[in-house]
Amino acid sequence: MSDPVFRVGILRLALAIVAAYAVLIGATLYWGVVRADELAGRADNPRRYAEDRRIRRGAILDRSGRVLARTEFDGEDPTRRYPFPSTAPVVGFQTWRYGAGAVVGASYGAGGAEAAYDDALRGDVGRPIREVIAGRILARPHVGNDIVLTLDAELQSEAFDALGPREGAVVVVDVEDGAVRALVSRPTFDPTALDLDQTDSSDLDLQPLFNRATHGLYPPGSTWKMVTLAAALAEGEAHTADIFDDGDAVEYFEGFPVACDNNPEGVTQFDLAHAFAYSCNVTFARLGVALGRERFEEWGERFGLGDAPPFPLGVADASISQDSSIDLPELASAAFGQGEVLVTPLHMALVAAAAAGDGNLPTPYLLDDVPGVRWRRIADERGTWRKAMSASTAEEVRRIMVTSVLDGWARTALFGRSEGFTMGGKTGTAEAPGGAPHAWFIGFAPAEQPVVAIAVLVVNGGEGGAVAAPIAGHVLERAVSLDQSAGESR
Amino acid sequence: MSTRLTPRFRGTELLLLISASAIAIVAPAPLPLRAGGRVGVSDLAPALVLIGAFVAVHLLFTFRGRGEDEVLAPLILFLTGISLALSRHLAPDLADRQLAWTILAVGAMAFVAIAPFDPRLLRRYRYTWAIAGILLVGVTLVAGRPGPLGGPRLWLSLGGLSFQPSEALKILLVVFLAAYLSERRELLAERQLGFGPFSAPPFAYLAPLGVVFGASLALLAVQGDLGAALLLYAIALSMLYLASGRSGTAALGLVAFALGAVVLHRYIPIVQVRTALWLDPWSDPQGLGFQSVQALMTVGAGGVIGTGLGAGLAADYLPAVHTDFVFAAIAEELGLAGASAVLAVCALLALRGLRIALSATTPFARLLAAGLSTALAIQTVIIVGGTLRLIPLTGITLPFLSHGGSSMLVSAISAGLLLRISTGESM
Amino acid sequence: MSALETQLLFARTVLLVGIYTFLATVALVALRDLRAAGRETASSEGNSETPRAVILSPGESGRAAGTWFPIRDVTSIGRELDNEIVVQDPTISARHAVILRRDAAWWLEDFGSTNGTWVGGRRLESGVPEVVRSGDLLQFGSVRLRFVTAEVDRERAT
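Protein sequences, first through last, are from chains A, B and C.
Residue numbers 17 to 506, in my numbering, belong to the letters of the first sequence in order.
Residue numbers -6 to 420, in my numbering, belong to the letters of the second sequence in order.
Residue numbers 12 to 169, in my numbering, belong to the letters of the third sequence in order.
The set of hints was computed from the structure by calculation and includes no laboratory data.
None of the values given here were measured: they were computed from a predicted structure.
Hints are supplied without guarantee of correctness; some may be wrong.
Computed Cβ-Cβ distance ranges for the label pairs, DEER-style [to be verified]: (1) B:Ile384 <-> A:Pro101: 53 to 59 Å; (2) A:Ala332 <-> B:Pro85: 52 to 58 Å; (3) A:Asp135 <-> B:Tyr260: 48 to 54 Å; (4) A:Ala66 <-> B:Gly60: 48 to 54 Å; (5) A:Val24 <-> C:Leu20: 47 to 53 Å; (6) B:Thr(-1) <-> C:Arg133: 23 to 29 Å; (7) C:Ala14 <-> A:Pro101: 40 to 46 Å; (8) B:Ile384 <-> C:Arg157: 54 to 60 Å; (9) B:Thr(-1) <-> A:Val39: 43 to 49 Å; (10) C:Ala38 <-> A:Asp135: 43 to 49 Å; (11) C:Asp114 <-> B:Leu257: 53 to 59 Å; (12) B:Phe56 <-> C:Leu20: 40 to 46 Å; (13) B:Pro85 <-> A:Val83: 41 to 47 Å; (14) B:Gly29 <-> A:Pro203: 43 to 49 Å.
Just so it is clear, CB atoms sit at the ideal spot from N, CA and C, and this is done for glycine as well.
Work out the full structure, taking the sequences as your base and the hints as a guide.
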């Protein structure tokens, strides 16, 4: 004690020790609290896997409350069940294995709504703060939220069956607000089998995970004539009363021959509605040239070319030739839907909805409700996506499309339909490289005051009128009756 | 000296022991609850045995009446109580063994504190201790075997028992340094205080120190036990600083450390690996960086209040969680709140040791007490800092908390020496 | 909350409260101890009441007669540098003797020194401590010191 030097040394050492321990506590705070969420969210954190196996993941329901996906527990072993395999392209799948960089694996929605609404399904959002805190303190398993989709499982099954084993897509949307009622893509996968890792790898050559309705880009064929029609009407380049003498004509656009080879035998003179119904390429090539490159492109943009609607599952951008200078033959063929235009089936359903409704392309949405939760944070975007044309132009286009079904190639859509069912639409047969053409149909029903719009694509299916139109008619009829019953039940 | 020893009531110790016992009893309770059963006597038996050992020590001290420090034992009961509760699910197979080691360690602590040997022997045979420690490590280098998880050869087996000689070297070198430096403290301090005609640099007096110390560091470095080498260096530096009272000594030591680190980094591959992993453990999260990454994730799983004792998942994912990474498990199960308190108790243990050093009666006792407490503190900082990625990770144990017999025994002997010094016995 | 959750929550709360109660108690004890130590230091450091050994005959130690060494609860005397009182006199052994405070009294013990330890002219038996009182004359080898305390005052103070 008689050594003040030692005393000072001890005091300094004590201060150093206190400071060092304070730093240790600070570091515990940093990793344990500040960075904790980030660490917990890492795909290679095995705790995430253990935690996820306890999660009561929410169910996915269709608009009528039918279960599209739910988790069942066998003791502590969870399994995700999917009672409606046809909904796979929309519902997606959840897996314990397929994590990017995950070695130990983690459970998460890996596609479709399972991925898009993963937070809600896991219970990470929308829960009252009290429940969250209690859950943390008591280490309770997460309880996810059920979500209700706009999808109609019955309609989805109908559309799935109607398309049959062919490659293609069917999209049905609500005309008024863009709610997606059915979104079929084939070939597809069985989500349960995928989670159990039972998928035959040879099936994968067919690209079952590729969603053709939202991500497949195809030339729209003659269905694009609807856009040319709307542009020509709105710009005054065509009128409903105009008579065209194009039946036998072959017109050359800078040496590129265009012929009107779809009109019935002997009919050489027709009005605008029938030029559309017979899908006369000459008339529409001429209308396209009359519009000119700039206006044609502007109208393409109005209908969403070069863009994609906001949608929880994602959509590929519809496109037109990236080439800045479209020459005359290209403009002419684009006007009747061949050329360089590429669109997704979902996009074409929205185009049909624009004609069936007030002239605007609605924003498609999928999430209808998250019961019992304030869920605005996860709600899909809704409303108008594109103001394409005026309501009066839309009305003219709609009538012409109804004529097309009554008098044109699209009438096959009505074969086998019940009395009193009416609709409008347009067929398309798009040349496809190295195979039969893609069969298209876009349309809506009923003819007056339409409620649902549709796009049908059969890849390399052949003639639109022969292949796609009957599917569309069948699905539309079911859609209208289901919509009525759903409306009544609400 | 053994005359006239009368019982002396130790109220503070009793109160603190009761408080720490409550913690030791509550801590293991959640485990049987979670397993779906009730908390029975058998679940609390380890804690009761531990408490019994400390009560015995308390009674022994009371009746001997030599006035040992009354705070140290409760602090150690607190830490070992937590350690025991953790071991029940971090390493259930080893839990009984660990309990046995802990009881043995408590016995060793009491023995060192009161046994009738002359503590001046420690000072008198300083070179013997230092050489014995170095020889032990040397033997390990030749005849040792790697630990259960592989890695450097740090273990020496004698019969069925195995222990880590580097742990023993630690305490032997502290004794040596305390003896050596206390003899020369006046010479060391002379120039700073400005007394006397001494103009020779004090380094001349440090030559034997340098030889003994350099030898042990070199051995440890060759052995690959970088944690122990770092620990020894830090202990020597702080004791040199205390003995000389010269900040310049500490600064010089730090510069030497920096130079040494650069050299080691250049020539020893494992140093390079450790440094790279410290800078970016995520460069190889499934391989070399696995432990570091998993340790951080374990800490991250704790949050503010933790998962609760027995609810952590560290045992499933974090190798060596019961030894080197026990702090990560504490942070996971007790959260920031509990881990901070445990760190605070560790700090109080070291600070109490320094307090004992302040009141120690001889220069040797002072330096010994200060060295032992500093050793406890530095060891904690090195392993917890490594776990939390403040410094490169080097595997050493956390005193009184980690699994491991040698570590528990050596820490307890340190505490026993501190208790003995606190009686004011001439050393 | 289920019964299990209640029990676990109870256990955790008790544990955390217990830990912090323990921590607070230890901190309190340590602080009180530090304050007491501070008071002790303040009252004894350089104070005229400090127990001390005043040099009467310095021998060859180089110290001036009349200067004094403070006496702590344990004060060792010898030629070696690690003693509390270092006296560099050839008649003093390396570790010569120790003054101890035990049971409110001061004791002097000889460590088996060559030239002996004396109290009031009587040589002590090596290893047998004897009580010394304020004013006693202590002799180590040829060095003589007067032991002075203010024991009465200190006892009143405590």
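Hint by hint, here is what the structure shows:
1. For the pair Ile384 (chain B) and Pro101 (chain A), the beta carbons lie near 55 Å from each other, so the given range of 53 to 59 Å is met.
2. For Ala332 (chain A) and Pro85 (chain B), the hinted distance range of 52 to 58 Å is satisfied, since their beta carbons lie about 55 Å from each other.
3. Range check, Asp135 (chain A) to Tyr260 (chain B): about 51 Å between beta-carbon atoms, so the 48 to 54 Å window is met.
4. In this structure the supplied range 48 to 54 Å holds for Ala66 (chain A) paired with Gly60 (chain B), their Cβ-Cβ distance being about 52 Å.
5. For the pair Val24 (chain A) and Leu20 (chain C), the supplied restraint of 47 to 53 Å holds, since their beta-carbon distance comes to about 48 Å.
6. Look at Thr(-1) (chain B) against Arg133 (chain C): about 28 Å separates their beta carbons, and that is inside 23 to 29 Å.
7. Taking the beta carbon of each, Ala14 (chain C) and Pro101 (chain A) are about 42 Å apart, inside 40 to 46 Å as hinted.
8. In this structure the supplied range 54 to 60 Å holds for Ile384 (chain B) paired with Arg157 (chain C), their Cβ-Cβ distance being about 56 Å.
9. Judged by the Cβ atoms, the range 43 to 49 Å given for Thr(-1) (chain B) and Val39 (chain A) holds: they are separated by roughly 45 Å.
10. Between Ala38 (chain C) and Asp135 (chain A) the beta carbons are some 44 Å apart, a value that agrees with the proposed interval 43 to 49 Å.
11. Taking the beta carbon of each, Asp114 (chain C) and Leu257 (chain B) are about 55 Å apart, inside 53 to 59 Å as hinted.
12. Checking the proposed 40 to 46 Å range against Phe56 (chain B) and Leu20 (chain C) shows it holds: the Cβ atoms sit about 42 Å from each other.
13. Against the hinted window of 41 to 47 Å, the Cβ-Cβ separation of Pro85 (chain B) and Val83 (chain A) comes to about 42 Å, which satisfies the hint.
14. With their beta carbons about 48 Å apart, Gly29 (chain B) and Pro203 (chain A) fall inside the hinted range of 43 to 49 Å.
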